[in-house]
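**Student:** Chains as they are written, first to last, in the numbering used here: chain A, 89 to 398; chain B, 89 to 398.
The set of hints was computed from the structure by calculation and includes no laboratory data. What you were told as hints is all true, and nothing was included just to trick you.
Since copy identity is lost for identical chains, a pair holds within one copy or between any two.
Keeping only pairs whose Cα atoms sit at most 30 Å apart, straight-line, the calculated DSS-like set for lysine-lysine is:
| no. | residue 1 | residue 2 |
| --- | --- | --- |
| 1 | K176 | K91 |
| 2 | K286 | K304 |
| 3 | K176 | K252 |
| 4 | K252 | K286 |
Below, each chain spelled out in residue letters.
There are 2 protein chains.
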Amino acid sequence: MEKISVFAPATVANVACGFDIFGFAVDSPGDVVELTRRDTPGVRITDIIGDGGRLPREAARNTAGISIQRFLQHIDRTDIGVDVLLTKQMPLGSGLGSSAASAVAGVFAINELLGRPLQTIELLPFAMEGERIACGSAHADNVGPSLLGGFVVVRSYSPLDVIKLDTPAGMFATLVHPDIEVNTKDARFILKNEVSLKNAITQMGNVAGLVAGLLKPDYDLISRSMVDVIIEPVRSILIPQFGEVKQAALDSGALGCSISGSGPSMFALCRDLATAERVGQAMQQAFLAVGITSEAYVSEINRQGPRVIG
Amino acid sequence: MEKISVFAPATVANVACGFDIFGFAVDSPGDVVELTRRDTPGVRITDIIGDGGRLPREAARNTAGISIQRFLQHIDRTDIGVDVLLTKQMPLGSGLGSSAASAVAGVFAINELLGRPLQTIELLPFAMEGERIACGSAHADNVGPSLLGGFVVVRSYSPLDVIKLDTPAGMFATLVHPDIEVNTKDARFILKNEVSLKNAITQMGNVAGLVAGLLKPDYDLISRSMVDVIIEPVRSILIPQFGEVKQAALDSGALGCSISGSGPSMFALCRDLATAERVGQAMQQAFLAVGITSEAYVSEINRQGPRVIG
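Just need the whole structure built from these sequences, with the hints factored in.
**Tutor:** Right under this line is the structure:
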């Protein structure tokens, strides 16, 4: 194969109660990486479309580029040369797993291009290296669901233990990205290093309830469990109108609503498409009430992860 | 009906990673409550067998007695009179949910005796009142599984939200009660009020993993998830030989091993009966190495909760 084009999905990390351990993928938006083999060795970013010139073009500093480089080093094929064309189809720094989608699309594409030398799950560490370049830490709660699809639990980092959970058929996610910026490093910096045992117990109960709700499945239990007493009360102060937007989502029938990743995007889970669309409109209106425009995305939970599109 | 006899099972609370939120019931041991209607109103403890005279005979101060009293008040039938004969079939203060089993047996028996005015799940608050008398707090992680059977998540106390999970068919529990005493209040007192965010995240990952492992089911995932980085490192110092006993269980094939409730009993989960018996022997030998005798119980996970035995 000489050329391949791969789409990898956006993701919602944390999912209310599951800070640093839960994430799920959506069908849209997502990023596209097109790889073309070339004769001279090395990974070269030929262009990035849709980033407004903000992302590094140097492969070793680009989340897709570094993931592909590490993959080629691992399989001992640094003799291979590829041109990378990255098309960003979602806002940067939005809390929707933008860097993860690019990294996953890149490493999934190179593995396909070379005839699948590795299993999909084995690609995870290389995509995590992309996260390290983009965010400063090799976290897996975005790349995990983007690569595997579905709802993912990152149980442990050493050793890496990522578990895919089935989700109820027909469950929809609404993502709303307000046109404001939150620096991911700020969003982590304001968190406290200690939590009360009482809050930790409450959170563990909700973590258990959400996993049980997804697997049973039990929508009411999912809804009751989408409560975050540790992170959301702190991070939500960085998102203007957070309380109003969340209440608008719940009033419109969302199972739950919280911050997507480190924000500023917010997400809601819903029982069906009609509810998810109504919830998206209500959330956008609540942002607009204070003059904040936004983009809304409504989609099913993505089940397959990345897909070859050309 | 004039007379009824009910068995309610012992329980393991916490279950490694799930402090205050997880518990499961076993088929044995357990307590038996025999109720006999009498003409004069009020709840009377006629005798308690097997407690060595240590439990209060006054109904309002006895965990079974108070549960029955609160039930009768709730259904507005304080005109009813019952004699209560309580037979303890497990050690007191052992961490095996002794007070919970008595409370559950009592309230389940009175509900049956009166023709089931309430659903089983509705009996939970009355059994919790028994726990309040016995332990100082109306916790549900023993009475929940003793009443409902199986593996139970206490997701929330306000409102009370108790979720029953299916467990893999054929999973066995080994309980070992060393002949030493740990005061439950001491066991709670030595816990810190704060936990690090890092440890809370690790624990949440294991909570999610254990629930997923039980529901999938996936024994390896159950095993990897039975890790407690918050409570066990503190409480285990109250149990002589804890590390050796745990290692003996794991070396003998247990999926995991930790403290049962607040101790001093320890439990292990196992894939089958033969392993559970081998694990029990290994744990007892490890206690015996420092001269501590013990009782071991091996049983399947109880699935039905209390049962009428006469």
